[in-house]
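Each residue of the sequence shown is one higher than the one before, starting from 1 at the first, in this note's numbering.
It is possible that part of the hints are untrue.
To be verified - Derived Cβ-Cβ restraints for the label pairs, each shown as a range:
#, residue 1, residue 2, range
1, Ile17, Phe131, 49 to 57 Å
2, Leu115, Ser92, 29 to 37 Å
3, Gln36, Lys14, 33 to 41 Å
4, Lys54, Met34, 53 to 61 Å
5, Phe131, Leu22, 48 to 56 Å
6, Ser129, Thr46, 37 to 45 Å
7, Phe131, Pro21, 48 to 56 Å
8, Gly102, Phe65, 32 to 40 Å
Claimed, not checked - List of simulated lysine-lysine pairs, BS3-like, C-alpha gap at most 30 Å:
#, residue 1, residue 2
9, Lys49, Lys107
10, Lys107, Lys95
11, Lys128, Lys54
12, Lys2, Lys14
13, Lys18, Lys2
14, Lys15, Lys2
15, Lys18, Lys7
The set of hints was computed from the structure by calculation and includes no laboratory data. The model shown is predicted, which means the values in this text are computed figures rather than measured ones. For glycine and all other residues, C-beta sits at the position ideal for the given N, C-alpha and C.
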Amino acid sequence: MKENADKYIDNLAKKVIKETPLESPSFNFTASVMSQVTELSNNTVTVYKPLISKTGWIVISIVFFALIIYMLLGMQEEPVSWFGSLDLSVLSDNKITNLFSGFSIPKTLTYAVVLFGLMFCIQIPLLKSHFNQRLQN
1 MKENADKYID
11 NLAKKVIKET
21 PLESPSFNFT
31 ASVMSQVTEL
41 SNNTVTVYKP
51 LISKTGWIVI
61 SIVFFALIIY
71 MLLGMQEEPV
81 SWFGSLDLSV
91 LSDNKITNLF
101 SGFSIPKTLT
111 YAVVLFGLMF
121 CIQIPLLKSH
131 FNQRLQN
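Given only the sequences and the hints, what does the whole structure look like? Please build it.
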(Lines of atoms letter the chains of each structure in order from A; the text may use other names.)
(Lines give C-alpha, C1' and ligand atoms only; values in the text may rest on other atoms or scores of the structure.)
Protein backbone atom coordinates (compact mmCIF):
# COMPACT_ATOMS: atom_id res chain seq x y z
CA MET A 1 0.00 0.00 0.00
CA LYS A 2 2.76 2.40 0.96
CA GLU A 3 4.79 1.49 -2.15
CA ASN A 4 1.85 2.37 -4.40
CA ALA A 5 1.46 5.75 -2.68
CA ASP A 6 5.19 6.43 -3.12
CA LYS A 7 5.03 5.51 -6.82
CA TYR A 8 1.97 7.73 -7.31
CA ILE A 9 3.67 10.70 -5.63
CA ASP A 10 6.85 10.09 -7.65
CA ASN A 11 4.93 9.95 -10.95
CA LEU A 12 2.97 13.08 -10.01
CA ALA A 13 6.17 14.97 -9.21
CA LYS A 14 7.74 13.93 -12.55
CA LYS A 15 4.61 15.05 -14.43
CA VAL A 16 4.55 18.45 -12.68
CA ILE A 17 8.25 19.01 -13.39
CA LYS A 18 7.84 18.14 -17.10
CA GLU A 19 4.82 20.43 -17.55
CA THR A 20 6.39 23.43 -15.80
CA PRO A 21 8.18 25.73 -18.26
CA LEU A 22 11.82 26.61 -17.62
CA GLU A 23 12.10 30.12 -16.23
CA SER A 24 15.06 32.30 -17.06
CA PRO A 25 16.03 35.60 -15.47
CA SER A 26 15.77 38.88 -17.33
CA PHE A 27 18.68 40.27 -19.36
CA ASN A 28 19.91 42.72 -16.70
CA PHE A 29 19.13 40.57 -13.66
CA THR A 30 22.72 40.47 -12.33
CA ALA A 31 23.23 44.22 -12.76
CA SER A 32 19.92 44.92 -11.01
CA VAL A 33 20.80 42.71 -8.04
CA MET A 34 24.32 44.14 -7.74
CA SER A 35 23.02 47.73 -7.80
CA GLN A 36 20.66 46.92 -4.94
CA VAL A 37 23.52 45.29 -3.00
CA THR A 38 25.78 48.34 -3.40
CA GLU A 39 22.94 50.63 -2.35
CA LEU A 40 22.44 48.59 0.82
CA SER A 41 26.13 48.51 1.68
CA ASN A 42 26.58 52.27 1.13
CA ASN A 43 23.65 53.24 3.34
CA THR A 44 24.74 51.46 6.50
CA VAL A 45 27.47 53.30 8.38
CA THR A 46 28.37 52.25 11.90
CA VAL A 47 28.91 55.24 14.14
CA TYR A 48 31.18 54.76 17.15
CA LYS A 49 29.31 55.50 20.33
CA PRO A 50 31.13 54.74 23.59
CA LEU A 51 29.38 52.87 26.37
CA ILE A 52 30.27 55.57 28.89
CA SER A 53 30.03 59.13 27.59
CA LYS A 54 32.49 61.92 28.38
CA THR A 55 30.14 63.41 30.94
CA GLY A 56 29.82 59.98 32.54
CA TRP A 57 33.61 59.69 32.84
CA ILE A 58 33.78 63.19 34.30
CA VAL A 59 31.16 62.32 36.93
CA ILE A 60 32.91 59.04 37.77
CA SER A 61 36.29 60.76 38.14
CA ILE A 62 34.83 63.55 40.32
CA VAL A 63 33.19 60.99 42.62
CA PHE A 64 36.41 58.94 42.75
CA PHE A 65 38.58 61.93 43.65
CA ALA A 66 36.01 63.15 46.18
CA LEU A 67 36.15 59.76 47.92
CA ILE A 68 39.94 59.84 47.97
CA ILE A 69 40.00 63.36 49.41
CA TYR A 70 37.40 62.38 52.01
CA MET A 71 39.41 59.33 53.03
CA LEU A 72 42.62 61.35 53.36
CA LEU A 73 41.26 64.46 55.06
CA GLY A 74 37.86 63.69 56.52
CA MET A 75 38.46 60.53 58.52
CA GLN A 76 39.60 60.59 62.12
CA GLU A 77 42.54 58.52 63.27
CA GLU A 78 42.02 55.43 65.37
CA PRO A 79 43.47 55.41 68.86
CA VAL A 80 46.70 53.45 69.17
CA SER A 81 45.64 51.72 72.38
CA TRP A 82 43.53 49.17 70.47
CA PHE A 83 46.60 47.81 68.67
CA GLY A 84 48.70 47.90 71.83
CA SER A 85 46.69 45.09 73.41
CA LEU A 86 47.48 42.63 70.59
CA ASP A 87 50.35 40.19 71.07
CA LEU A 88 51.92 39.90 67.61
CA SER A 89 55.01 38.04 68.79
CA VAL A 90 53.16 34.78 68.05
CA LEU A 91 53.54 35.47 64.33
CA SER A 92 57.32 35.82 64.46
CA ASP A 93 58.22 33.28 67.17
CA ASN A 94 56.91 29.91 66.03
CA LYS A 95 58.23 26.66 64.58
CA ILE A 96 57.37 27.46 60.96
CA THR A 97 59.34 30.72 60.86
CA ASN A 98 62.23 29.03 62.66
CA LEU A 99 62.15 26.24 60.07
CA PHE A 100 62.55 28.66 57.15
CA SER A 101 64.98 31.03 58.89
CA GLY A 102 68.02 29.23 57.44
CA PHE A 103 66.54 29.08 53.93
CA SER A 104 68.37 31.17 51.33
CA ILE A 105 67.58 31.64 47.66
CA PRO A 106 70.54 31.22 45.29
CA LYS A 107 71.43 34.16 43.04
CA THR A 108 71.10 31.97 39.95
CA LEU A 109 67.46 31.23 40.78
CA THR A 110 66.80 34.91 41.41
CA TYR A 111 68.32 35.87 38.04
CA ALA A 112 66.34 33.12 36.30
CA VAL A 113 63.02 34.23 37.82
CA VAL A 114 63.68 37.91 37.00
CA LEU A 115 64.67 37.13 33.40
CA PHE A 116 61.68 34.83 32.98
CA GLY A 117 59.36 37.60 34.16
CA LEU A 118 61.05 40.13 31.89
CA MET A 119 60.79 37.86 28.84
CA PHE A 120 57.19 37.07 29.69
CA CYS A 121 56.33 40.79 29.83
CA ILE A 122 58.09 41.38 26.49
CA GLN A 123 56.53 38.39 24.77
CA ILE A 124 52.89 39.24 25.53
CA PRO A 125 52.75 42.45 23.42
CA LEU A 126 54.66 40.74 20.61
CA LEU A 127 52.25 37.80 20.52
CA LYS A 128 49.26 40.13 20.74
CA SER A 129 50.41 42.15 17.72
CA HIS A 130 51.21 38.94 15.83
CA PHE A 131 47.74 37.48 16.38
CA ASN A 132 46.04 40.80 15.59
CA GLN A 133 47.88 40.97 12.25
CA ARG A 134 47.00 37.35 11.53
CA LEU A 135 43.31 38.00 12.18
CA GLN A 136 43.29 41.08 9.94
CA ASN A 137 44.68 39.15 6.96
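Results of checking the hints against the structure:
1. Ile17 / Phe131: 49 to 57 Å: holds, 52 Å
2. Leu115 / Ser92: 29 to 37 Å: holds, 33 Å
3. Gln36 / Lys14: 33 to 41 Å: Holds, since Gln36 and Lys14 (Cβ atoms, about 36 Å apart) stay within the stated range.
4. Lys54 / Met34: 53 to 61 Å: violated, 42 Å
5. Phe131 / Leu22: 48 to 56 Å: Holds, at about 51 Å.
6. Ser129 / Thr46: 37 to 45 Å: With a Cβ separation near 24 Å, Ser129 and Thr46 fall outside 37 to 45 Å, so the hint is violated.
7. Phe131 / Pro21: 48 to 56 Å: The hinted range 48 to 56 Å holds for Phe131 and Pro21, with Cβ atoms some 55 Å apart.
8. Gly102 / Phe65: 32 to 40 Å: 48 Å Cβ-Cβ, so the 32 to 40 Å window is violated.
9. Lys49 / Lys107: Violated, at roughly 52 Å.
10. Lys107 / Lys95: holds, 26 Å
11. Lys128 / Lys54: holds, 29 Å
12. Lys2 / Lys14: holds, 18 Å
13. Lys18 / Lys2: Between Lys18 and Lys2 the Cα gap is close to 24 Å, so the pair holds against 30 Å.
14. Lys15 / Lys2: Holds. Lys15 to Lys2 sits at ~20 Å (cutoff 30 Å).
15. Lys18 / Lys7: Judged against 30 Å, a Cα distance of about 17 Å means the pair holds.
Hints 4, 6, 8 and 9, counting from the list given before, are not met by this structure.
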